[in-house]
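Sequence lines, in order, name chains L and Y.
Quick note: the first sequence uses this note's numbering, first residue 66, plus one each step.
Quick note: the second sequence uses this note's numbering, first residue 66, plus one each step.
Among the clues, some could well be false.
Because identical chains cannot be distinguished in the list, a pair is counted as satisfied if it fits within a single copy or across any two copies.
[Stated by the list, open to error] Using 20 Å as the maximum straight-line C-alpha spacing, the simulated DMTMM-like pairs for lysine to aspartate or glutamate come out as follows: (1) Lys116 x Glu141; (2) Lys261 x Asp182; (3) Lys146 x Asp100; (4) Lys140 x Glu207.
Please keep in mind that the hints were generated in silico from the structure rather than gathered at the bench.
2 protein chains.
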Amino acid sequence: MKIILIGASGTIGKKIAETIGKDHELVRVGSKSGDFRVDIGSGASIEKLFKEVGPFDTLISAAGEGHFGPLKTMKEADFRKGLDSKLMGQINLVLTGQHYIRPQGSFTLTAGVLADDPVRLGANLSAVNSALEAFGRAAAIELENGVRINVVSPGVVEDSPHYFPYFPGHVPVTMDRVVAAYMKSAFGAQTGQVYKVV
Amino acid sequence: MKIILIGASGTIGKKIAETIGKDHELVRVGSKSGDFRVDIGSGASIEKLFKEVGPFDTLISAAGEGHFGPLKTMKEADFRKGLDSKLMGQINLVLTGQHYIRPQGSFTLTAGVLADDPVRLGANLSAVNSALEAFGRAAAIELENGVRINVVSPGVVEDSPHYFPYFPGHVPVTMDRVVAAYMKSAFGAQTGQVYKVV
Chain L
66 MKIILIGASG
76 TIGKKIAETI
86 GKDHELVRVG
96 SKSGDFRVDI
106 GSGASIEKLF
116 KEVGPFDTLI
126 SAAGEGHFGP
136 LKTMKEADFR
146 KGLDSKLMGQ
156 INLVLTGQHY
166 IRPQGSFTLT
176 AGVLADDPVR
186 LGANLSAVNS
196 ALEAFGRAAA
206 IELENGVRIN
216 VVSPGVVEDS
226 PHYFPYFPGH
236 VPVTMDRVVA
246 AYMKSAFGAQ
256 TGQVYKVV
Chain Y
66 MKIILIGASG
76 TIGKKIAETI
86 GKDHELVRVG
96 SKSGDFRVDI
106 GSGASIEKLF
116 KEVGPFDTLI
126 SAAGEGHFGP
136 LKTMKEADFR
146 KGLDSKLMGQ
156 INLVLTGQHY
166 IRPQGSFTLT
176 AGVLADDPVR
186 LGANLSAVNS
196 ALEAFGRAAA
206 IELENGVRIN
216 VVSPGVVEDS
226 PHYFPYFPGH
236 VPVTMDRVVA
246 AYMKSAFGAQ
256 TGQVYKVV
């Protein structure tokens, strides 16, 4: 199975790569490293990636940035960081990737716990994550040829302790459980699901 | 109470105006009509609106457009229609309006049922609506001086029969119940809530 992993060198991506790299043809994609490079904030860069990589079976995205900062001083330009990168970037992976994915393939995108459990400074990522979850539900009913889509929505992960102070009372989730959710999405049979790992 | 109503001549907005126009100082705002005009897709236009209208107690937004069309042919430019108008537009009303709203004031934004109950052609609006719902939950915990925010998320409304064919099995909701949700948000005491009218 040919699997494209976007964000392959990130905190979550590298754990996914370790788990699936042995048994599959894994195409590691990153913004600064990997078999291929992509700027997820650029539709043209995403189009170029798919043209270069060619047909594939599975895409897993653990990529994209958002803005984390106080609402009181937030500007449109701040808010658009998350819209352009984590949201539009991952959605472009589906809008463009649907024309390159093989029948019965799957997309897995990454949202996050802020979608329904907000913290201070997190308004942009709450909106972005919730939008991704809803997009997954909606795209699932239109994708053709048996192509599936799910969204993994993890809590703050144990490997990102620098985030802990911003998530009071959020219990960090183990990387094993997070990786398991991506495996369920990529190798299971469900579609239109949001796998919340909290 | 000085109430700014964005989208005052729309299907939902005009019913809200009928209900609250008698008892309050209502500032009707539209893209093409009203006491003031705004292009909700432009942050500069929104900034200008607040400067002209001045301090206010309550903002109700029933405005913003999204893209409705098949996923198979959807492009980034299509998807950005909803991001720029219904999503970023309504969020700009809060990001900018928070600096003009009086203490104990409130914001009410409009999402929609596609957030969690998708239909064909609706992927953009599913994402946009869900993002708005999450933004409301998140902004509520950061707004200061007792300012509240809620989101009304209506099903397809009885006054928009041209949408019915695109919402098979969705039972149209009465305008009275939809308007009631805006009243609960604007004149009640809750914050961070999503009022689903389905």
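Verification of the hints:
no.: 1; hint: Lys116 x Glu141; verdict: between (33 Å within a copy, 17 Å between copies)
no.: 2; hint: Lys261 x Asp182; verdict: both (11 Å within a copy, 18 Å between copies)
no.: 3; hint: Lys146 x Asp100; verdict: neither (26 Å within a copy, 33 Å between copies)
no.: 4; hint: Lys140 x Glu207; verdict: between (34 Å within a copy, 15 Å between copies)
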